[in-house]
Structure formats: C-alpha cells, structure tokens
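K.L.:
Here are the chains, one letter per residue:
There are 2 protein chains.
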Amino acid sequence: MKPVAFHNTVLRDGHQSMAATRMKTSQMLPAAPILDSMGFRMLETWGGATIDTSLRFLGEQPFDRVRELRKAAPKTPQGMLLRGQNIVQYKCFPDDVVELFVKCTADAGIEVFRIFDGLNDPRNLAPAIAAVNKAGKVARGEICYTTSPTHTVEAFLKFAGELKEMGCAEIGIKDMSGVITPRVAAELVGGIRKLTGLPVTLHSHETAGLAAASYVAATDAGATAIETSITPFANGTSQPDTLRMLALLDGNPRQPTFDRKKLAELREYFTKVYKELAAFTAHANEVVDSDTLVYQVPGGMLSNFRVQLKDMGMSERIDEVLAEIPHVRECLGWAPLVTPISQIVGTQAMLNVKFGRWKNFSPAAMDIVLGNYGRTPAPVDKEVLALAEKISGKSPMTTRPADSLKPNVENLRKQLAEKGLPTTDEAVVLYAMFPVEYEKLIKNPGSIVDPAAAKTPAAAPASAAPAPRPAGRHQRLQITVNGKTSEALVEEVH
Amino acid sequence: MKPVAFHNTVLRDGHQSMAATRMKTSQMLPAAPILDSMGFRMLETWGGATIDTSLRFLGEQPFDRVRELRKAAPKTPQGMLLRGQNIVQYKCFPDDVVELFVKCTADAGIEVFRIFDGLNDPRNLAPAIAAVNKAGKVARGEICYTTSPTHTVEAFLKFAGELKEMGCAEIGIKDMSGVITPRVAAELVGGIRKLTGLPVTLHSHETAGLAAASYVAATDAGATAIETSITPFANGTSQPDTLRMLALLDGNPRQPTFDRKKLAELREYFTKVYKELAAFTAHANEVVDSDTLVYQVPGGMLSNFRVQLKDMGMSERIDEVLAEIPHVRECLGWAPLVTPISQIVGTQAMLNVKFGRWKNFSPAAMDIVLGNYGRTPAPVDKEVLALAEKISGKSPMTTRPADSLKPNVENLRKQLAEKGLPTTDEAVVLYAMFPVEYEKLIKNPGSIVDPAAAKTPAAAPASAAPAPRPAGRHQRLQITVNGKTSEALVEEVH
Numbered sequence: 263m264k265p266v267a268f269h270n271t272v273l274r275d276g277h278q279s280m281a282a283t284r285m286k287t288s289q290m291l292p293a294a295p296i297l298d299s300m301g302f303r304m305l306e307t308w309g310g311a312t313i314d315t316s317l318r319f320l321g322e323q324p325f326d327r328v329r330e331l332r333k334a335a336p337k338t339p340q341g342m343l344l345r346g347q348n349i350v351q352y353k354c355f356p357d358d359v360v361e362l363f364v365k366c367t368a369d370a371g372i373e374v375f376r377i378f379d380g381l382n383d384p385r386n387l388a389p390a391i392a393a394v395n396k397a398g399k400v401a402r403g404e405i406c407y408t409t410s411p412t413h414t415v416e417a418f419l420k421f422a423g424e425l426k427e428m429g430c431a432e433i434g435i436k437d438m439s440g441v442i443t444p445r446v447a448a449e450l451v452g453g454i455r456k457l458t459g460l461p462v463t464l465h466s467h468e469t470a471g472l473a474a475a476s477y478v479a480a481t482d483a484g485a486t487a488i489e490t491s492i493t494p495f496a497n498g499t500s501q502p503d504t505l506r507m508l509a510l511l512d513g514n515p516r517q518p519t520f521d522r523k524k525l526a527e528l529r530e531y532f533t534k535v536y537k538e539l540a541a542f543t544a545h546a547n548e549v550v551d552s553d554t555l556v557y558q559v560p561g562g563m564l565s566n567f568r569v570q571l572k573d574m575g576m577s578e579r580i581d582e583v584l585a586e587i588p589h590v591r592e593c594l595g596w597a598p599l600v601t602p603i604s605q606i607v608g609t610q611a612m613l614n615v616k617f618g619r620w621k622n623f624s625p626a627a628m629d630i631v632l633g634n635y636g637r638t639p640a641p642v643d644k645e646v647l648a649l650a651e652k653i654s655g656k657s658p659m660t661t662r663p664a665d666s667l668k669p670n671v672e673n674l675r676k677q678l679a680e681k682g683l684p685t686t687d688e689a690v691v692l693y694a695m696f697p698v699e700y701e702k703l704i705k706n707p708g709s710i711v712d713p714a715a716a717k718t719p720a721a722a723p724a725s726a727a728p729a730p731r732p733a734g735r736h737q738r739l740q741i742t743v744n745g746k747t748s749e750a751l752v753e754e755v756h
Numbered sequence: 263m264k265p266v267a268f269h270n271t272v273l274r275d276g277h278q279s280m281a282a283t284r285m286k287t288s289q290m291l292p293a294a295p296i297l298d299s300m301g302f303r304m305l306e307t308w309g310g311a312t313i314d315t316s317l318r319f320l321g322e323q324p325f326d327r328v329r330e331l332r333k334a335a336p337k338t339p340q341g342m343l344l345r346g347q348n349i350v351q352y353k354c355f356p357d358d359v360v361e362l363f364v365k366c367t368a369d370a371g372i373e374v375f376r377i378f379d380g381l382n383d384p385r386n387l388a389p390a391i392a393a394v395n396k397a398g399k400v401a402r403g404e405i406c407y408t409t410s411p412t413h414t415v416e417a418f419l420k421f422a423g424e425l426k427e428m429g430c431a432e433i434g435i436k437d438m439s440g441v442i443t444p445r446v447a448a449e450l451v452g453g454i455r456k457l458t459g460l461p462v463t464l465h466s467h468e469t470a471g472l473a474a475a476s477y478v479a480a481t482d483a484g485a486t487a488i489e490t491s492i493t494p495f496a497n498g499t500s501q502p503d504t505l506r507m508l509a510l511l512d513g514n515p516r517q518p519t520f521d522r523k524k525l526a527e528l529r530e531y532f533t534k535v536y537k538e539l540a541a542f543t544a545h546a547n548e549v550v551d552s553d554t555l556v557y558q559v560p561g562g563m564l565s566n567f568r569v570q571l572k573d574m575g576m577s578e579r580i581d582e583v584l585a586e587i588p589h590v591r592e593c594l595g596w597a598p599l600v601t602p603i604s605q606i607v608g609t610q611a612m613l614n615v616k617f618g619r620w621k622n623f624s625p626a627a628m629d630i631v632l633g634n635y636g637r638t639p640a641p642v643d644k645e646v647l648a649l650a651e652k653i654s655g656k657s658p659m660t661t662r663p664a665d666s667l668k669p670n671v672e673n674l675r676k677q678l679a680e681k682g683l684p685t686t687d688e689a690v691v692l693y694a695m696f697p698v699e700y701e702k703l704i705k706n707p708g709s710i711v712d713p714a715a716a717k718t719p720a721a722a723p724a725s726a727a728p729a730p731r732p733a734g735r736h737q738r739l740q741i742t743v744n745g746k747t748s749e750a751l752v753e754e755v756h
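Chains as they are written, first to last, in the working numbering: chain A, 263 to 756; chain B, 263 to 756.
No wet-lab data here; the hints were simulated from the structure.
Ideal placement from N, C-alpha and C gives every residue a C-beta, glycine not left out.
Since no wrong hints were added, every one of them can be taken at face value.
Partner residues are not named here, just some residues of chain B that face chain A (Cβ under 7 Å, in silico):
id	residue
1	Thr443
2	Val478
3	Gly513
4	Asn514
5	Val550
Just need the whole structure built from these sequences, with the hints factored in.
P.N.:
This is the structure we're talking about:
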C-alpha cells in the first residue's frame, strides 16, 4: 500500500479552530512556499468561516486569498469546505447562486471541494456536487459523523454510496466534534473503500483526545489521507499536528516522508503568527476537553450551554437538561449536534425541563421538525410533528428546502448595479451571502466592519492573559418563545 | 483475550507530573474509596518523588500515607515506583538499606513494586527484586525506554529476559519521556509476552501526544495493563485520562468496563484538588509539547536546557549544542536522557561546543564514563575513557556501584539513637535518604522544611495566573568545571 497522504489544514481549519479564523492572507503567504514544497496532497485554505471573517474582520477580498495562495503555492491543490446549499452561510441559497459560487471558486484556483450538509441530506448536496463536476474540479462528499441510534456504520456506508452516485470523486469523513473512535474510524474507512472504491479521507479534531489515535487506525484501514495542521494551530480543538502524526506512524509501513527540518521551520513561523493573534487564541483550546466524553455532547456546545443555563437561572438543573437532550434529539429525528442544530436542541431541552416537555416549542426546533433544514436522519416523532403543525399552521416540507427558492443571481446583479457596486460574478455571490459586509468593504476598501471584534493582531500584546473568548466564533442571538425572550450564545463550529 | 486492565496513577504520577508531587494525603483520602470500588488492577500511590515531597514540603510521615490509603482503599493493590539501588533518591545505597526499605514498604501495605534503573543495569535492580520477593510482594521490573542505536527492540527483549531471570513477576515498559510510538509499543509488548509469558504493562506520558495511541496499540498487542490517570491530573506530561482511554477502546474487544458516572465524579473531585494546588500546576503541562519530536530530546530537558544556555551566554548556539548531544551520548555509551543523566549530557554538550570536544570534561560526565552510575547500555568511547582515567587518576569501576558500599543500617540506627530520634526501621530508611528533612520533621512534627516552596494550597488562589514554575520539581545546582562555576537547573522527571 502507498504511504498515507497528509492534507494540511493550518491555513483554514487550523486557525478557524484555534484563533477564531483570524489569520490574514499576509500571515499565510510567507509559509505558503514551504507548505507547497513538502508533499502534502492538499492544502485546505478556504471556506468554512474564512469568507465571513475576511469580509467582516480582516478587510480582505475573500477570492483574492485563493489567487494569492495559488501563486505562492502553485504545486499543491488547494481545498475548501463548502456547506452544500448553505454555501458558507447558515441559510439555504437558490441553486443558481450555489452554482455560480462554485464556478467563481474553481476559477480562482480551488481544486478540491469538501461538500457537507449537517443533516447528511443528499438533496442539500446534489447541486454543489454537480457544479463542481461541471467546473472540472474534485467533489469530495463529506459524511458528517455523529453518534445516535440511527447513525450506524451501515447508515453511513449507505450515504457514502449515495455520494458516489451523485458524482463525488472522493469521500471524506468529517468528525467535527472529535468523537470518532479508532474502531469506528477503521470500520468506516474500510467499509467505504470496499463499497465505493473511492479515496477516503478522515478529518477529525483532537478536542476530546481521540483524533490522533483514530488517524492511526484509519491509516491501518487503508485511508488515502488524513488531515493535519501545524503547531500551535494544531491539537486541542484543531487537527493533530503534522510532526506528531509523523511520529505516531514511525515504523508503520504507510508512514509518509516529510522533511522534519521544514516542519520545525513551519512550527517556528506559525508560533510567531499565533502570538500575533493572541487576542483570538484561547489557551484552553489546546488542552484535551473531556466534556464530550463525560456528557456525550460536543465540548464547544457544553461551554455555551452553561452560559445559557446561567442566563436562564437554571445552572443547578444541568443534569436534568443534559438527560433531556437524547429525548429532544430522538423527537427531532436524531439531528446531529452541529451548529446551528446543537443550539436549537440544547435550548429545546432547557425549555422542556423548565416548562414540561414541548409545552414551549421553540420556532427553530419547529423548523427542524417541519423539514425546513432538510430531511432528518430518522423520522421525527409523530406527536411532536402534529404539535408543530398545529402551532405553526404549516405542513411539513416534503421537497428539498432549496426547491422553494427562485433563481436569484440576476436579481442580485441588478441590486448591485443599482447601488453602484461591482456586478462581477464574485460580487454577486459574496453579496448574496454577506450583503452588509460586502457593501461596506467595497465602499471603504481595506476597512473592517467591526473594529472592536477585529482588533488588529499587531495591537494585541502576545502576553495578554487571560485571553478573551474569541470574538466572532460566538454570536449572541435572541430567541423569543411564547413571548419570553431568552438570549442564546451560538458558536460556529464548521 | 481478557479486557485490558487499567492501573490508576492519579495518586502518584498524576500529581507528580502535573502538580510538583504536592497532593496531600488528606486530599487523596476522599477519592480513595471511589477509586477502590471501580476495578482498577492497581493504584499507584507511592514512590518516585512522593517521599521527598512528603518530608520536605507537606510535613507528612511518608509511610503513614500508605497505611491510610490501605485503610481507605483495601480492595485494590497499591503500587510504588522504586529507583532500584537509589531507592527514592538519586544516589546509590547499600544493599541492607535497600532491603530494609522494601521490607518496611511491604509491611506498610504496598503490593506491587515497580523497580527501575536509568541505565537498565540489572546489577542495580537485583537486590531490590530479591527483597520484594522475600517480602512476598510483586516485583515488576521496569524497562526504561529510550531511543538510540543501541536501544533496539532486541536489546530491550534481552533485558526483559534478564528481569524474569532475576525474579520479576511482571514486566513494565517505562516510557518516562513519552516517546514510544504505537508500532514500537506493539512490538515490545508482543515480544516480551512471547519471550517471558509474564504480564506486561505499558506506562507512558502524553507529553508529546503519543501515549494514548500507543496504549491502543499495546492493548491490541496483548498488554495486560495500561496506566491512566484522572483529569485534570491527566494527559499532557501525565498519563492519559481514564475516561479518554475508555473512549479510545470503544468497540475494541479488550475494552474494560468502568462506571462512567464514578469517573465523572472523580474528575469533579480532582478538579477541585487541582485548583487547591494552583501554585504548583503549570498550565503548559497540559498541552502537547512537540519539542521532543522536533529536537529529539525529552520536553522537560529542553526547557531547562534553554535556561542553562542563557546562563552561559550561549542562547544563540542552541542548534550546535543540540547537534552535539548524540555525539556525547555515543561517547557515554548511549546513556538514556533521564534525570540526572540528561542534565549531565546536556551540560557536556554545551562544554564541548564552547571549549572544543572534551576540552572541559565535567566530573559528572566522567562519573558516567568511569561506570560509577552502573554499566552503560553500550561501551563508552575508548579515547574518552582514557581521558577520564587520565584526568581523574581513577580506573573504571567494573563491579556494581553498591559493591563499594558497606552495610549501613545499624550505623544509621546508632546515629538516630544518639540524636534522640526514633530508631524504628522506617526511621532508619527515611533518615538514610533524607537525614536533614527527616530530623526536622521529627523535631517539629507537622512543620514544613521549606515554607516558601511548600506554600500551602489553601493559600494559593485558584485563579493565580501565570502559575509559577512548579517549585521542588526544579533544583538549581552549581557545577564547577576546571575552576569555572556554572549553575544548572535540574528537574525531577521520574
């Protein structure tokens, strides 16, 4: 068997997980040629929260980053993380916007598209996969990994088969909560390879201390690639460090060859960048968080959850609320605990404990029950569905969410023209997702939309302690339920 | 195959690695019945640095801890770490003192003796092993794991065979630097099992992020036991957390059964204790330290090394000095980089770079070359040996170090009597190793010898940040070489 390939995530998930996605293009460029020279099979550089933070906090034109990195690292394919029909936002966009986004991205230089949907609903992935294939690029269909009675290895394998049928050239296992264990990783990787014959990549997070060992198991099971980062943007809530994974594969027949001197050089460089981003790095990110293992909910979810419970004066009832989560998940068709679903499930569990089960039905939870996010992994509870229909006066959506949306590209282009803004394809897709931020950036180039949250790295003392909660990763939302308004802290985890 | 057994280290190595060995007996007792009820095969509670810190910083009678824990946790065998002929100190003691120490310890309630020698010299282990067998307890011979051209799997297996011949009932692999990789762990565990038929335990540290994955590999290779701790005295420079290891073995046919509720309860309890010990916990201990992987020296060694280099005005020459280490190790017969040898090797490497190779030959390095620490893993360099003989005017020691020591027990007892101190066996062995500290404790019961360094946990605010370098784990020594005095920072790592 060939050596296992490494994909490097430091330029995307590494700093998204460890520094609130605040690494600037100028901080990436010095490292790009080194990364490019080492034999990584892919460099993840874009997507996820990077477009949002480029516009909102860094005053950067997002597509420029792709082009600049392409120039600085021409040999290694660049990859991005695409949220299916949500593109790089949290709401659903019409097919023509999705397609145009993919075209612009491919033209700018992205070769590999990691495409996922939080519910693993194939209908939310199909248009993006088709668009990637049309652009002649690599569609890597991602299986969002979570644990529930309905998320069996068999169910994941079936989904992998569907991804292949829809035109994916590769399969990724996306373990955003870092809960996959070595045995499951081996079973999934081996099973997907056998079933589809496609290259399989495991992507996990070291949050609960399981990822590196699961990468070793995935390697032994024949994974084509595993995804690593560079210290200090590695381990903890990020991907395992490259040098560490290399050491873990010492003596393994699939150990790849990497220049350790260059890895040491990269570590030194990124340590400097990490210090520059001190205002956004939370030291706690680096340590193993066993909340996931103790409470069976993702680590990031629990910390927000505690804040929410405190806000609601329910800190003492955390055990009850945690015990209610599986019930809520079951009623909601075992929707996975990923943003924004994790927050919706958590809030509903609190409401159930506080007012009695489903006495206060949050509108967001109703949306899930009514199919507005897509098809849930298992059928939703019939009584809860009936209640949602009764309260909302709506019937469940049986078509895919985007079917109700009209094509919007030309309308958006017209709006841009009326405002005197650029009307290029790139302008259209950015404006579709971030109208306020995009307009501000164009009218005031180089400016930053939220100066407080975007505090420039240079201004942040490297020794600042304790580091503030990273801004931008957390968002406070007001949720009004039956006239009662609560505040929820929402965290971006993709 | 039976489930893999877990040994719990939180009451010894857990707090030695994470909190400068400062956990008091009173902080252990509330957790002891819970730990006792869970099915651990062994609780490591004593030895290593615990006796030193009990006397010096905690004002505790060391043997009392064993007796109290025995009462509080009667079902689970207690284990200790014994430094062979050095007992729980860094110098060599006569056989009769070693034997008496083992007898007292067995009488107090220790069932399992983990016996090691930094050089893996069987002659430094034989008397302790014999004494343990005489006392009817379990002698677990430890193989100190390190990497060098001479430390091959074959060499370790040969040593395992010698340990069995000397009377060890079990074999441990002691990876104090946390550098063992999954493949090597599997080869060693499998090889030792096949060769000796004895139970094999892997003991590692998560320092470089390799331990948990290596524990999984050791489990698959048939290890009888692996050693885990409890968060927050786990992971980082300590052993992997118990709950984490349990999760990593999900679906593994050898996964043991532990009550996860009780594990959560223990985590909660030890989080409280960890906060009480805030003055001694360095947050950096918890994160993956890749220095070991980058520089091929143990993480703890490098941080001290940097201080030493700075003191010598050689900070800029760190690369040269690091490159010199393999040469020094080779000349010194590939002595492993463990305390105190790691400091001696590091200092000699600095001297070689500063003054030219072996132009300034430190007396401590000469001691190694002349066999005063025991037999080195490989023969020492002939020219360097000739130089040491010439400078010191001494011939190399061919017998074992303790052969030159006369029996001392009755002499020590006489000294104690003359001072009006207790003359019990326990008094004799404690006084043999810690004469000043023992006398002070007896004359002033409950007092602490070094109040500054022993700052009581209650007085330390839980939020104190940044945490000071843990006192007591580091010791400043003066090294005088050819008339030039340098200061060296020595860290306890066992």
